[in-house]
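S.K.: Take the sequences, apply the hints, and build the full model.
So the sequence shown is numbered by the numbering used here: it starts at 1 and just counts up by one.
No false leads were mixed into what you were given.
Quick list of in silico lysine-lysine cross-link-like pairs, DSBU-like style, CA-CA up to 30 angstroms:
#	residue 1	residue 2
1	K28	K128
2	K53	K128
3	K138	K53
4	K41	K138
5	K97	K41
6	K97	K53
7	K128	K41
8	K97	K128
9	K97	K138
Pair ranges (Cβ atoms, derived):
#	residue 1	residue 2	range
10	S95	T30	30 to 40 angstroms
11	F114	S52	14 to 24 angstroms
12	A49	A29	39 to 49 angstroms
13	A29	K138	36 to 46 angstroms
14	A68	E48	21 to 31 angstroms
Just so you know, the hints here were simulated from the structure itself, not pulled from any lab data. A quick note: this is a predicted structure, and the numbers were derived from the prediction, not measured. Don't be surprised by glycine CBs; every beta carbon is placed ideally from N, CA and C.
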Amino acid sequence: MKTSCTDYSKKSWLTLQLMDFSLVQYAKATWTLSVAVAVEKQTAHLYEATLSKPIDQVVQEQMTTVNANFNSSPNVNGIYTFRIDSIYEFESPASTKLFRHPPNYTFDVINDGFSTTSQGGGWLVSYKVICHKWLASKIFESGPFGPGATDGLTLEFGHARGALTSTECGSKEQITQSTDKHLSLSIA
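M.R.: Now the structure itself:
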């Protein structure tokens with residue numbers, strides 16, 4: 001007996017229904033957001049020497065961790081990919097980079113481990129810029145590409161997606177509310 005495509009599809013659908021399987025249940029929306037990363041020259045040279053790898057690789061590895069941190073929460077109803085489309089070094093004070101936004105990217109990240117300006121770090125919503133002002137250190141874990149700084153950068157990307165924070169009893173921050181209905185993030 002010959003089985004038609006329609007019969008096969010009905011049988012497959014029934015089998016999937018009996019297994020309580022639904023593609024909708026497992027599908028997640030995906031957002032890819034472009035990022036330009038500027039690294040202050042002195043900061044770049046210190047970490048290239050300290051880690052024996054090019055600053056582009058250091059930045060890419062940090063962003064890989066940011067993406068993993070961001071998407072590890074079961075409360076994130078989608079997959080966010082912050083894709084680096086440009087990495088470059090700069091010599092001018094970081095403050096000259098903060099209040100402008102190149103039109104070709106969703107976000108800018110300004111890394112400055114030697115900043116002398118009083119401008120604080122964080123998410124500058126009007127310019128779509130994250131000022132990642134974290135003091136450089138020859139001890140990798142303490143510097144702008146270390147674990148604490150990477151958690152901080154993850155948190156700033158949460159702000160960039162509309163998340164609000166409240167400081168809990170410890171030193172970690174938790175994103176508790178968001179204007180983005182797909183996001184509820186905790187940095188632990």
